[in-house]
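J.: Based on these hints, arrange chains B, C, D, E and F on the given structure of chain A.
Residue numbers (UniProt numbering), protein chains in the order written: chain A, 1 to 245; chain B, 1 to 245; chain C, 1 to 245; chain D, 1 to 245; chain E, 1 to 245; chain F, 1 to 245.
Errors might be hidden in some of the hints.
For each label pair, taking beta carbons as the anchor points, the in silico distance ranges come out as [said to hold, decoys possible]:
#  : chain 1 : residue 1 : chain 2 : residue 2 : range
1  : B       : A160      : C       : R24       : 54 to 62 Å
2  : B       : T12       : A       : P150      : 56 to 64 Å
3  : E       : A170      : B       : A64       : 50 to 58 Å
4  : F       : A225      : A       : R134      : 39 to 47 Å
5  : F       : G241      : C       : Y149      : 52 to 60 Å
6  : A       : P222      : E       : R226      : 56 to 64 Å
7  : F       : P219      : C       : M1        : 26 to 34 Å
8  : A       : A147      : E       : P150      : 32 to 40 Å
9  : A       : P150      : D       : A14       : 54 to 62 Å
10 : A       : A68       : B       : A25       : 24 to 32 Å
11 : F       : P233      : E       : P227      : 31 to 39 Å
12 : D       : A25       : F       : P219      : 56 to 64 Å
13 : B       : A64       : C       : R223      : 25 to 33 Å
14 : B       : D167      : A       : A68       : 46 to 54 Å
Just so you know, the hints here were simulated from the structure itself, not pulled from any lab data. Model, not experiment: these values are computed from the prediction. Built from N, CA and C at the ideal position, the CB exists for glycine as well.
Here are the chains, one letter per residue:
Protein chains: 6
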Amino acid sequence: MTRLLVLNGNTTEAVTERIAAAARAAAPAGVAIEAATAPYGLPLIVTRADWLLAGPPILAALAAHRGAYDAAVIAVFGDPALEAAKLLLDVPVIGLSEAAFHAAAMLGRRFGIVSFSAALRPMFEDCLDHHGLRGRCAGFRMGPPDAAYPAVFGAAEQAALLALVRDSIAQDGAEAVILAGGPLAGLAPLLQPAVPVPLIDGTAAAVRLAAALAGLPRPARPRAARPLSGYGPEIAALYAGSGPS
Amino acid sequence: MTRLLVLNGNTTEAVTERIAAAARAAAPAGVAIEAATAPYGLPLIVTRADWLLAGPPILAALAAHRGAYDAAVIAVFGDPALEAAKLLLDVPVIGLSEAAFHAAAMLGRRFGIVSFSAALRPMFEDCLDHHGLRGRCAGFRMGPPDAAYPAVFGAAEQAALLALVRDSIAQDGAEAVILAGGPLAGLAPLLQPAVPVPLIDGTAAAVRLAAALAGLPRPARPRAARPLSGYGPEIAALYAGSGPS
Amino acid sequence: MTRLLVLNGNTTEAVTERIAAAARAAAPAGVAIEAATAPYGLPLIVTRADWLLAGPPILAALAAHRGAYDAAVIAVFGDPALEAAKLLLDVPVIGLSEAAFHAAAMLGRRFGIVSFSAALRPMFEDCLDHHGLRGRCAGFRMGPPDAAYPAVFGAAEQAALLALVRDSIAQDGAEAVILAGGPLAGLAPLLQPAVPVPLIDGTAAAVRLAAALAGLPRPARPRAARPLSGYGPEIAALYAGSGPS
Amino acid sequence: MTRLLVLNGNTTEAVTERIAAAARAAAPAGVAIEAATAPYGLPLIVTRADWLLAGPPILAALAAHRGAYDAAVIAVFGDPALEAAKLLLDVPVIGLSEAAFHAAAMLGRRFGIVSFSAALRPMFEDCLDHHGLRGRCAGFRMGPPDAAYPAVFGAAEQAALLALVRDSIAQDGAEAVILAGGPLAGLAPLLQPAVPVPLIDGTAAAVRLAAALAGLPRPARPRAARPLSGYGPEIAALYAGSGPS
Amino acid sequence: MTRLLVLNGNTTEAVTERIAAAARAAAPAGVAIEAATAPYGLPLIVTRADWLLAGPPILAALAAHRGAYDAAVIAVFGDPALEAAKLLLDVPVIGLSEAAFHAAAMLGRRFGIVSFSAALRPMFEDCLDHHGLRGRCAGFRMGPPDAAYPAVFGAAEQAALLALVRDSIAQDGAEAVILAGGPLAGLAPLLQPAVPVPLIDGTAAAVRLAAALAGLPRPARPRAARPLSGYGPEIAALYAGSGPS
Amino acid sequence: MTRLLVLNGNTTEAVTERIAAAARAAAPAGVAIEAATAPYGLPLIVTRADWLLAGPPILAALAAHRGAYDAAVIAVFGDPALEAAKLLLDVPVIGLSEAAFHAAAMLGRRFGIVSFSAALRPMFEDCLDHHGLRGRCAGFRMGPPDAAYPAVFGAAEQAALLALVRDSIAQDGAEAVILAGGPLAGLAPLLQPAVPVPLIDGTAAAVRLAAALAGLPRPARPRAARPLSGYGPEIAALYAGSGPS
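Isolated chain A (complex conformation):
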């Protein structure tokens, strides 16, 4: 049995439940999903400042569950705390943008990024550069920057999203399309029948890739204890030198 921790980096429990459901739906056989919520921080993560401040609570949650998972998903587009977590933990950690980009790149030569609102574009631009996959990106198709996400994605919203997906394919030459933004989680399987290229859902991609990475050999990295002040006991434990993993 492979155990995955899927960590909602914001503080909204309802989002955690939605992510957990999506993760469980995507999990391969033999993989158990545990979901957790950031213990403090932001109810919604939107800006670069949010990503930074979401980092310590994400690390704290990852630390609190140490030993209870074989790989972790930081279930936030923008991948807050990702590089720190990769360094501090002895198991693979993967982010939502990272997973979506890599899965899309393996399923199509050039991938488009589609979102209901343009508010997340700076984050995706940053992530494309950070993960070094800008050359595989065909471009963005996004709604207006101030679009409010609807509570429910009804027929009209789905039609609007499909129109963006089709533009991405026809105008930008996308051969796979990422549905970007937390509220779009779970829509990919629904819309896929109407779309002739793979639709990528970040949570599904991350769960499947995290399970894949969990099975690869990994180095034992003994870590010396290093001084750190001002953080709670979970994060402090990550700086106390190698513990169980």
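T.: Just chains B, C, D, E and F, lined up with the frame of chain A:
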């Protein structure tokens, strides 16, 4: 049960057996491995011309087994026939270089490529550009271009390889290292205890990632029949329009 | 006398004739053009899979004429078999996309790519990356993906094409424009008077550049015989070790 | 009078004093330097995890002094909290790596990066990508990864550093050289007479560039209050909506 | 007192006066501005040929004033003579495009370029590549290529410009916007109140950055005398070996 | 008959004669070579400042011969005046670095650059970026920066050069090698028999490519007269509006 076809693109059965063993060792629970050998072509794939000529027999083998696998691995560094196969088949297909690069990129910020002989370097250069991941590559550490691969990797050969791995880490700043070249398959778990960063084996990476991709939604792509002459019935079938998958 | 082989990579003789005429019109003094047709494969090359399957018949035709030409043009946008041919033959071989890109880059700082139909865009995207000249490309202006090429380019079609060329110049800043796609061969000299930047025709560019490269010194590359199965005698001959060139 | 806040992102007061002295030595006329120390976190910032955890205390310190400076320098190589600070504050904020790269790029076509120890290389690799200036970097010349920084840079250490600088110029073609790493602060003016290209000190570059940016027009960016939990009153104030600046 | 030479590279005195005023308005305390005009050449610099021919008179003017300034600004978008001047003079020299790009990059993750007319686009494309900052550019928003610059920027022209700025932000994701083209000098502070991201004026950026660089240590570069014919005494003096600076 | 003007951009007549001989040796049948020397400027072009100052005399010489050639070669590594000449003249103009890069790229996937002295490296770095072909370059192998070019390339010098060529192939993976630097002109055919990849001579490449481009259609670009002062009658004529070509 997820069924993976692991296809040896050269015609040497002994290599197929070695790859099959490595694939089975790396397969997640619930994943069955079937191995196949290219029906014609080259006993050893080394040059760019080899990659082209290995392509049709690889497509033929993929076509011959159609319907019997949920994802396929083209188990050749250099990824011959990869883009054609992604287009013609209704299931995910992944190459060894592609898998090694993506796995390495998810496990370390910059990855090194280590090989016993420099003969494969042009292929890896081409693949880095093709997959758009050159920016994540820290560089190459390779033996002399005319190094013959030893029949067995004994202590001396392992020590030589470890020295290259350590140069990749210390001189090039690699944070993950790909062991490149078919004959190195299976060495990663053996050498990992002596290495402080993840060692990537192409076959293991490809098997795990193929299983991951097999579970994602995919488009139904009806294909019109198109005329093709001069190829055998398997490849011809791929051009006969959508069949079972 | 420099002898050029201009090879139509598809099996349609009428296309070979059209290409041969365009090649002869563009050939410098002292250069003789011989045209040949791929002995099998596809009547029309459109997809990545087509490029792969067009490769062996192209190699076969190049091999069949070995010794009778000083340089060869693979007269297919997308450059199938190009890298294999460069490796296996002792004379320069150039592809249509390759030639168009290099000629355009020497005649304008940034070149646009214009086509009647968007169907060839993935091919051009791939070729830009493969030849490393994406940074010189100002962008694409193409008709709808499902546009059927007209049998004859009358005044209306020419006007539509000119409109795309002008958008490429005015909107994208193109300083040279490639007319992309086999059916556009021969139009560049016709449209040039109406366009203030160089219009690049792939066949003409390839013929002129192939003749240029034919005159440069080249290495003698003795090749050891290597085993290959499943291909006809022409390709087999390329693997039989160095022959006459 | 322009007021600069120079913020030491680690918790070591002695480092703050050294940075403050270097900053004052480099400050233009009419610029007053105030130095501050991160209120908690790490005594020494080395790893990617450190950068993340140094972020909130840096934001807290920047927030605590809000209204008392016209521009800020985050005086840590690696630029922790930089993008969040740029977003949350109404005055320009610049990081040490960012400043060193931009100053070096304006003073030489290609810049080398020289350091006593290779431990900081991953950070510099990340920063080159983040700031988009990798194409201007000629390469790294660094001591061994485990080199301990000497308490004092005596003649022997200076000679060792000069040898690295000369390699950067002669072997890599550097036309400007960044002395990288906090402990090298203040050495540039000392070594410059022996070096034929500009030597860049991060603190000096950042102080001069921050003063430059402080004088440019900037937008008024009213910020809506947004919920945030688990952080102290300084950071909370940054999320309370626009305050004085 | 820091002395800056701001050099108008065209021969139009009225432009020199306008630039001098803008430079003085942007100069930090303790910085004196001297303005000069190219002694010959072009009244208006637009094309790549113009940049080349503007080069020698710019060098002549820089040489004529040698010893009287601590840093120089070549106040022409396109940066004519920039690399030669950096090499031949012992003080920092900065160009308008160079300064605008670096300032914009320090003030926003991705910057847009806005201009009244598209005529300058090729120049900006060239400069982005030359300075290696294309990756930071979000795109161009420009008026028609044949737009004549109005003598005065009245309300209508300002509104048109603001519309382009807003497109750059909303459509391209620009987080800072460069107002490009000499005639736009001085507009940034006027329009800034209506724009939520930093507006960059080339002259202001160059003056502030030149003052910043003037205070950094610089190498003594003795230069051997080298033969040069056909140029006037000022340029000849630059080739006569090291003189006063 | 196609007429090529091969222009030596420095003022040394002996170099012109050597270049003319090399150009004639490489010229295709039906191509006549006329050689010319820059009327003033530098006897040897080495630095970036030299390239700028070599520009106007090169333009003057190109203008003086207008109407007497169908394409021109600026026979200087570093390509001074190249972009201006392309713009001002109605016939193709090609530079030595430009030609060497494009020819090498068409003859090998990745090309090395070999030179007797490292003094030209900054120039080649700049040219790689300018022509957008850095991704095709495998690296530099050069003698010491202060190496004096020998008057004659005897056996010892040729052996030293061959050693650099072999390092480029074996260490850097070069599949074609450019012999860089004027004094190496003419050596490629001599050394080619000892080298297993194509050796590229700049002059030969430029002559063949210029002849190739001369045969392609080109736009009629009427040019309005524009004011220019301070230059001689030849350059002034280029600004007097369209003349005969």
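J.: Hints first: check each against the structure and report whether it holds.
T.: Hint check results:
no., hint, in the structure
1, B:A160 to C:R24: 54 to 62 Å, "57 Å, holds"
2, B:T12 to A:P150: 56 to 64 Å, "57 Å, holds"
3, E:A170 to B:A64: 50 to 58 Å, "53 Å, holds"
4, F:A225 to A:R134: 39 to 47 Å, "45 Å, holds"
5, F:G241 to C:Y149: 52 to 60 Å, "41 Å, violated"
6, A:P222 to E:R226: 56 to 64 Å, "60 Å, holds"
7, F:P219 to C:M1: 26 to 34 Å, "32 Å, holds"
8, A:A147 to E:P150: 32 to 40 Å, "36 Å, holds"
9, A:P150 to D:A14: 54 to 62 Å, "55 Å, holds"
10, A:A68 to B:A25: 24 to 32 Å, "26 Å, holds"
11, F:P233 to E:P227: 31 to 39 Å, "25 Å, violated"
12, D:A25 to F:P219: 56 to 64 Å, "58 Å, holds"
13, B:A64 to C:R223: 25 to 33 Å, "32 Å, holds"
14, B:D167 to A:A68: 46 to 54 Å, "37 Å, violated"
Of the hints listed earlier, those the structure fails to meet are numbers 5, 11, 14, in rising order.
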